[in-house]
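Engineer: Below, each chain spelled out in residue letters.
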Amino acid sequence: MTRLLPRRAGTTGVMLQVALATLPGLAALVAFFGTGVLLTVTLAVLGAVTAEALGLWLRGRSIRIGLSDGSAIVTGLLLGLALPPMLPAGLTLLGAGLAILLGKHVYGGLGQNPFNPAMVGYAILLVSFPVEMTAWVAPRGLLAEDVPGLLDAAAVIFASASPDAFTGPTPLDDFKHREALTAAEWHAVSGLGGRFAGAGWEWVNLGFLAGGLYLLQRRLFSWHAPVGMLAALALCAGLFWDGGSSSSPGSPLFHLLGGATMLGAFFIVTDPVSGARSPRGRLLFGIGVGILVYVIRAFGGYPDAVAFAVLLMNATAPVIDAWTRPRTYGHPSSSGGQQP
Amino acid sequence: MTAADWNSPLHALRGHLDVPANKARTRHAAIEVAPVPALLRLPLSLYGRRRAEPCVSVGQHVQRGDIVARGAAALDAAVHATTSGSIRAVAEAPLPCIELEADGDDAAADPEPLPDWRERSRPELLTRLAEAGLTGLGGAGFPSAAKLAAAAGIELLIINAAECEPMLTADERLLTERAGEVMDGISILAHLTSARQVVIAIEDDKPEAIAAVRAALEDHPFRLAVIPRRYPSGSERQLVQILTGREIRSGRLPVDLGILCHNAASARAVSRAVIHGEALTERIVTVTGAALLRPGNLSVRLGTPVGDLLTARGLDQTRLAGIRLGGPLTGRTVTDLREPVGKTHAGLLAAGLEELAPAGTELPCIRCGACAEVCPASLLPQELHRQARAADLDALMALNLQDCIECGACAWVCPSRIPLVEDYRLGKAALAAEAARQAAAEHARMRHERRQRRLEEERRATESAREARLSRVDAALARAKAARHDRQPGS
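Protein sequences appear in the order of chains A and B.
Quick note: the first sequence, position 87, residue 328 per the working numbering, numbers continuous.
Quick note: the second sequence, position 474, residue 528 per the working numbering, numbers continuous.
Next comes chain B alone, as it looks inside the complex (with noise of 0.2 Å):
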């Protein structure tokens, strides 16, 4: 142990799958240079179900690192043109996405490099890398700076470097080759959050990358924590809890208790983005399978549809089971080879017949329990199963189908091989579209409340404005019978 080090116990899970790493294809691999493809795909989709508008116009010339559409929100990360060329058109097929046809010159927009960002104030650097298209690489794609934003004078900054997922050996050959790109990006995320403490988190079987790290954290103040081959050790929530012993309450984040995590990948990319000022067009994405005759890590232009990767590493066909985008536990299965390389997707497997099974073997549940032994956030997978079968939002709700961080480990053990992260996939979409079935009815039901109030306030106002200008009407005779009768002799 070194003074680097990572000084506290780690913990362990609350449940965990041992899973064969298969990382010996690609793990030597250095990275490579991926072509540019004659046409790419710009996916549109943003965090949390929302979209991109397009700001440039069908048949416009755009340059590498040019935006060409961005969200709504001021801190959404804009999605940009990875490679020079024409637009060719706004589709919604296989995804929403902008095609965009390279022109083979690949030239780039200027650069603004902001090499003195150590003086740049908290909003312009934040502004930066929204601009510079930046999202978690790891997951779930949360827009960097929205996520630093909320983020400020934390106690411990996360680099989450443990690619505990089989198969994926991008993280592990992006620290072997560039620890000081990832290190840069670290004091810029430690500059943003005044994180008190910054820990980088390995699995224990990536020696060279590890080695890596050390070096060159002896011109850093950060701690390295090698931790124990555990799946899901990368998964935010059980990083956390083995770093700190620490759980986030269910619907928090790990800003809550004043910790932030952050991808190894996402760490370099702020400093491109920050230090040489360039957007996020390409990300090192793990190519393997058993049906792959070259596989390798690769440093892809986003867009890249998954049919152009895959043919430039020889794809053998007659062994071919599946395409897989992301990993083999976390990531889904792919049908439409259009489909293009996303920002969050470290992975593109192209599985032999070994690796996967073919449709329709699903068995019965025996209620082996084999599930509820290994998931990590302690849920009842085979009750879930049957109750998202069933459909019954309610015990879904009682059963926290929430807190299932889609890990994939129950179904990688199920004996009867049901495909358990669909059903919950289905389970939480049933459950996102009665909430929001439940929302319009309460708006509906706050504006109809609101209209019956606002009626009756206007049909009691002109009641009142009636009865006030008829007892003045009352007066008014009154008063004039009273003056007849003053009139009237004899009174």
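For reference, chain A alone in the conformation it holds in the complex (with noise of 0.2 Å):
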């Protein structure tokens, strides 16, 4: 049975042009972390396509039309520019490899995830290994040591040579424990406050930023969910903003331009797969995934929040669908006043 072809970017375009658009956000990772941060994102690609071909030959799949899709080239992708750096390479493969094959494949494969593989993979690697997962790289000029070269990061990934040299905590997790300073002070204390949000991470945010609405205005996804969760955010953080005491949680921008937020926002809540299905329902899931993001960073124990945010969400999709069913057309609606 032939059928009309559709003049549209098909499934496998919709994951280059998302591939394309992660590319001035990696940039601006490459240029305050080092050229580590390629080496990591290669890996987990690596290893996201070497897993989903061995979960399509387990599942009895055709392994080259399953790979023709880009799916797991944009998880691996995604995977690798949320990891530290300077991972060693064997916990990046793993959890690229538990990304696609405990993220996805024991679902059914591409379509019928509930979770984020990403954000599976990532969590999944946050709790197993806390030190190593922690330990990011310090931003260019921040210590006496410059951003690992090629052959120091492939000496830490490959070789498990110590990475303390290059590696500190991040503006978020610093800030956290700033120890009775006001934000004021920390900024000018610590040396990761850079410009305005956090030295590195504010241009790295908005390098996402740019390859986001790069996406937006192609229309492969729709507002909803990145703003429901940007504007969340901005608020929560607005509303216990006290002007940056020492036990504020921090400011509004420098939330939004802190951390994966921005990678979170256009790259992680877009995910059609596991996200919620209707316009309305992305908005309740994007403003469901902001709140979390600032109660776990603000309250919780770990210095990012993201990935358990979007997971957290991922859960509830069902129910907001559920929720937010349209009504269809020439059916009275179950709130009444609809119909006219």
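Which residues of chain B face chain A? A few of them, derived with a C-beta cut under 8 Å, are:
{"no.": "1", "residue": "Arg-291"}
{"no.": "2", "residue": "Ile-420"}
{"no.": "3", "residue": "Asn-454"}
Sample of chain A residues with no beta-carbon within 10 Å of chain B, all distances over it, derived:
{"no.": "4", "residue": "Pro-265"}
{"no.": "5", "residue": "Pro-371"}
{"no.": "6", "residue": "Leu-391"}
Hints were generated in silico from the structure; no laboratory data involved.
We put the beta carbon where it would ideally sit given N, CA and C, even for glycine.
Could you fit the two chains together into a complex? Lean on the hints.
Structural biologist: Have a look at this one:
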């Protein structure tokens, strides 16, 4: 049976565009945290694609067709972007493999997974290897030592050399444990405060924002989930912002441009498979993620919160879908009053 | 804006598709007459999976316009010979039809014009429409007479000339070239329905047709609504929404709101049937596609095999990817070139490789939701797809599958290229089969219960008759005993 060809990018085209849109953020990561980022991202992609082939083979599916949709590349890419740049190779490969196999194939493959696969892989690594997962490279210009070059990074990643010379806490982490400093004092003292939201991180976030806006402009996803998440996060941070006392959890700008906020808002919560379906549902989904990100960052024990916030909201997506089902043409609305 | 323009605001659809109109190939091609083929297949199928019964015998000679088959209902549209010739067979393949061998004379039966239709009674005119074989020429093919019989004294008559489907230009050319005939047909429809208001709706990308209608409207009290080009504005329920802002309840018809929709080509057929007394034996078909050398708008005899029509317009086999009867979005793929053009077919497409996707390119649904955004009925196409594949009939009911108008917008935008409408058609068929099965079971249960009741009543009746008999015997015995007793002395 043949059918008319849609004049639109297919699923493969969508995945490729998403991959392209991560480039500004990736460039900022490389610029501030060194070329180790590229090694980790490459490893994550390779691990994801290998695991995808394995999963397809175990399920008796065509490996060629299964790989051609490009979704495994995107999963690996997003995971690689979220991982610390100097993570040992074994952990990166483990995370990518678990993301694809436990995050996707055990549920029946592409389109069937209730949770975001990249975030599944990230969360497993974070709870299993907290030390390695919280050792971020210090941004360029902060330490006496320059950010690691390719050889230094390779030594840490492949040969288990100690990364201690290059690593340190992230701004989110450092700010949280700043011990009795006001926000302004921390900013002046720590050097991790950057120009306005966190050294290096502010540019990484702006890079992902730019890529996300490109995807939005190409209408690859609707604005609902990203806007919901960013608005809720900013609103929460604004509500609890006391001008920057020693117990303040940080300003709205600090949260918007800190950690994985923009990567999450435009590349993670926009995942159609594990998110809500209707536009209204996506708005609710994004708002939920935004609130949870703030709650976990401000009151939780983890330095960043996007992965857990997304996974928790993934679990609620079916309920959101049930709440936000649109009224079919010609049917009375359940709440009444919409039928003309 | 002139006095003849539709004067109330237009309303938005709940979802729509921005799809290239792709009409340039045939938009300016004047209507030509297609050759009469040597063999025609006159379909016997009627609306609602019913079938007309042949009323001619094999070998019989017929003229163009002679009735060859009829439906069981009084206002069913008759089936006609569309040229003169002899009946060759009643065939079941490629679909139930009467095969008519043309004799080349194309002799027509004498027409019975009714130029004084305003003086004729409503039943007489409706019978004329049914006898002339009129059905809606736009979509479902509902018999026109039956539709009009249910619509006396309506508020609004909508003449649907939206022609929103890409590649089709048959209605556009009809209005451009024969607006007068369409207006005559509308006058008859307005007379039959006593409509308080009449509006002709056309999408705004057809300036020539709009100008022709505007000129023709000078002699008529009808209004013209130029609506934005938005697929599927030409779907009945969606057009009612655009023009009035009202929705037709699920399972109901526009006439429940005092509205009747009639397609422009159908209106013209009404005028031919009443004023000229001609049966419906031809229709205008847009024959187009990248694999066709001479695309155009053709006046085609109904029953012309698809293959003959394509050959007549130069089919380029090397470029052919598939043939579609109807429009690119709502039509269906044809694999048998013997299939005839029927009353509802406004298009015949010989699609090139760049226009059709090869089979087997479907990827899994990634739940992107693009389908839900374009759905004009606000359904959840991806959920329907999942449940249709799982054949979960209860879930399909709960998701309102019955409200799907099969416009094909969802399948068009699907990045995984899933043939969604095919799933829905299968799901609807499964629901219909289940409903039929339940009705049959219910019928059997009722019959069984009636029988049980009847048997019980019969048993009771026999019982009481027996008891009555016995009590009569007892009474007689008692009387006899008493009499004997009486006769005994000394009592």
